[in-house]
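There are 2 protein chains.
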Amino acid sequence: MRLHEDKYITLHDLDEVLGNAPRCNPGTVELALWDAVGLVLADDVVAPFDTPIMPRAAYDGFAVRSSETPGTFKVVGSVLIGQVPSGVLGKGEAYYVTTGAYLPRGADVVVPEEDVTVNGDLITVSKAYPVGKNIDEPGSYARRGQVLASKGTVLTPYIMSALLEAGVFKARFYSRLKVSVISTGSELVRPNTPEEALREFMNGKVIESTGSLVKWFMGNYMPYLTVLRHVIVKDSYGEIMESVKGALVESNIVIITGGTGPSDIDYVHEVITSLRPRYYVRGVKMRPGRPSTVAVFDDCRVVFGVSGHPISALNALTLLIKPFVESMLGITSTIPIPRVYGKLAGSTEPGRGLWRQVRAKVELGDEGYVVKPIRITGSSFTSTLAEADALVNIPPWVNEAKEGLLVELILLKETTKVKR
Amino acid sequence: MRLHEDKYITLHDLDEVLGNAPRCNPGTVELALWDAVGLVLADDVVAPFDTPIMPRAAYDGFAVRSSETPGTFKVVGSVLIGQVPSGVLGKGEAYYVTTGAYLPRGADVVVPEEDVTVNGDLITVSKAYPVGKNIDEPGSYARRGQVLASKGTVLTPYIMSALLEAGVFKARFYSRLKVSVISTGSELVRPNTPEEALREFMNGKVIESTGSLVKWFMGNYMPYLTVLRHVIVKDSYGEIMESVKGALVESNIVIITGGTGPSDIDYVHEVITSLRPRYYVRGVKMRPGRPSTVAVFDDCRVVFGVSGHPISALNALTLLIKPFVESMLGITSTIPIPRVYGKLAGSTEPGRGLWRQVRAKVELGDEGYVVKPIRITGSSFTSTLAEADALVNIPPWVNEAKEGLLVELILLKETTKVKR
Chain A
1 MRLHEDKYIT LHDLDEVLGN APRCNPGTVE LALWDAVGLV LADDVVAPFD TPIMPRAAYD
61 GFAVRSSETP GTFKVVGSVL IGQVPSGVLG KGEAYYVTTG AYLPRGADVV VPEEDVTVNG
121 DLITVSKAYP VGKNIDEPGS YARRGQVLAS KGTVLTPYIM SALLEAGVFK ARFYSRLKVS
181 VISTGSELVR PNTPEEALRE FMNGKVIEST GSLVKWFMGN YMPYLTVLRH VIVKDSYGEI
241 MESVKGALVE SNIVIITGGT GPSDIDYVHE VITSLRPRYY VRGVKMRPGR PSTVAVFDDC
301 RVVFGVSGHP ISALNALTLL IKPFVESMLG ITSTIPIPRV YGKLAGSTEP GRGLWRQVRA
361 KVELGDEGYV VKPIRITGSS FTSTLAEADA LVNIPPWVNE AKEGLLVELI LLKETTKVKR
Chain B
421 MRLHEDKYIT LHDLDEVLGN APRCNPGTVE LALWDAVGLV LADDVVAPFD TPIMPRAAYD
481 GFAVRSSETP GTFKVVGSVL IGQVPSGVLG KGEAYYVTTG AYLPRGADVV VPEEDVTVNG
541 DLITVSKAYP VGKNIDEPGS YARRGQVLAS KGTVLTPYIM SALLEAGVFK ARFYSRLKVS
601 VISTGSELVR PNTPEEALRE FMNGKVIEST GSLVKWFMGN YMPYLTVLRH VIVKDSYGEI
661 MESVKGALVE SNIVIITGGT GPSDIDYVHE VITSLRPRYY VRGVKMRPGR PSTVAVFDDC
721 RVVFGVSGHP ISALNALTLL IKPFVESMLG ITSTIPIPRV YGKLAGSTEP GRGLWRQVRA
781 KVELGDEGYV VKPIRITGSS FTSTLAEADA LVNIPPWVNE AKEGLLVELI LLKETTKVKR
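Sequences listed follow chains A and B, in order.
Its first residue numbered 1, the first sequence is counted upward by one per residue in this note's numbering.
Its first residue numbered 421, the second sequence is counted upward by one per residue in this note's numbering.
Treat the hints with care, since some could be wrong.
Within a straight-line C-alpha distance of at most 25 Å, the following computed DSS-like cross-link-like pairs (lysine-lysine) qualify [what the hints assert, rightly or not]:
| no. | chain 1 | residue 1 | chain 2 | residue 2 |
| --- | --- | --- | --- | --- |
| 1 | B | Lys-625 | A | Lys-170 |
| 2 | A | Lys-245 | A | Lys-234 |
| 3 | B | Lys-763 | A | Lys-402 |
| 4 | B | Lys-792 | A | Lys-343 |
What the hints contain is simulated information worked out from the structure, not anything from laboratory work.
Extracted from the complex, chain A is given alone in its bound form (with noise of 0.2 Å):
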């Protein structure tokens, strides 16, 4: 981050980069829902009924006549949630019902059992209920052909609970997208055990974690691509040439972490140059994260390029590269990422017109979240992370972030409020 991009970079507005997304339709299948949590519906999902299908108890209690309330009535049988009623009520009947149970055909109201008298197999009703107390009619929980949920829509267990009760079972959703990431940098090492670890840092060697943050993100919070693989390799065209390559053949998503050599060399941008692509942007006016890349090559292949260092990583991830497939996919509605709003308690640094992401912490107030820059000293990244509660998303409007400004947060965190 502390290259001196601007030289060599034009900066490209998010909003303009986020509009240039490519359709990409990776195919469709027809999967039961509960083979589809995380998927994106590929077409509008429609109630195939009124539900219920019939006039369901909405009490525990008996079914009987209206127009015989006030009355007594003799028990007939029961109809359980779960059970399909074959009786019809005769005059002067009652069926025993359970919440959620079908109703007996005949019967048009349910007196829940603490309203009643029993004395053997009678039942005295004391007052009148009109037609319909306690019941659940036809369609009023969904109407044949109402839209439940819109293409676009990521299921949910929510949604798809919604969706079990009005008699959806299956929908047409996207395929997975691939994504294969790939972290460059000769220094960077995947050790096998803590041992080899620390003989690594003590040479100078860094251990990898920005691709795992990436993947880890990704399994979290965009459930409909799926990484295939996860790959280290040196700083060095070839190597990364060689990668990008295999990877663009099996992958609709590639994301490259670091990649820029000494002295600015950027192999990133020389191997995506030289793989031309159909739409290419080399720096987004964000910090940090200003030489984040993309690249089209076809409506369903993208490389990423993002910076080493995880939290600029995680802001691509969160202003650049979520949006950008969400785009892609024509996602509508999804898994929500913990996104909150909270004053400033202090200013941050002024913004040459950038997105730009500040590490803070954070307090819950009685106006709800109260958040407090933590001011970085040296260059390290990586360090206050461990003490940082959430990033704070500044836009290029807001050039000084002043006490008392409404911004937007990633929680990185949740305290709870267990005694120790």
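Mind docking chain B on chain A? Use the hints.
Below, chain B alone, put in the same frame as chain A:
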């Protein structure tokens, strides 16, 4: 939830219940950090070194002696990040260094590449640079002995990056707590195909989804647990007893969904009481989810009973089970759930001294989230789940939640800005 449980159950205060969580030590294990993301630190993690361990360049440039600036230097070598310098800087000499590289002995300043004039193997520095300029001194990232992450912290990739940079590669973690999920309900089915699901649905059966939701929630937000199994059993004392006894042999946490039979027969209650728990709560002051059950058998064996409705179960997960388990493991900092704050744009029903959760639509306004409660009609707890953006938590001390009140939400989805 329409059960008139108040007749039978003494409702307990949520804070009181949470205060009775036992402290469980499930055993500890020393692991490499990269194998432990999501686990809970069993000890404080202390910096083993001053880091960086040697002075590092904070810029790409030339390492020289400050006392010789301004002046002309001969470039005698280079140190890249990932290398350990072997040479010593002689008088009038310079080394080329990249950001993050250790300095050769004798150098005390880095002159940025763009601030020198290069002439063959000579460079000219035109002004004086003070000692330490553009250098990260030893200990400037972390000081030896400094606590970097406390006992009770869930290891996130963010914290891992910081610890790796500080030379910490392994730590002691609590073993994962083992969980069994038991979904009870004679109406529940887990079909193999959508076609089978449709047949069962037409016969009044219910496709199990609450247990699946519990598993998904735990996988995303409680990674220090592992779900061993998820079974479905009928509403019968015998089946529930057998499955709970079996689960308690090998699990720390047992989650039972549903379990209330016709006429409020509470099989879960009967099973739990006959197993003689050390601490037992039947009913917590919250809505939905009042019949939530907590039974502590020993420090590391707890049974939770929750409603079979997905929304009630989610309420129990966020308000009761997650904080209870966090207290058991002494968790002080964890992976954030999308817990945000916003202002009510409409009022909700009076609270009657209960914690309650209301579904809502959420929009982003100039002052943060604007929260519009959804009115629920009918007894369906599920159908609005596809529509709702968030669940609003309203505490018992707020009787009437009025327009303008700041409330806590759990986001169920995130709406993207994709152009359609």
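For each hint given before, does the structure comply? Return the numbers of the non-compliant ones in rising order. Structure breaks no hint.
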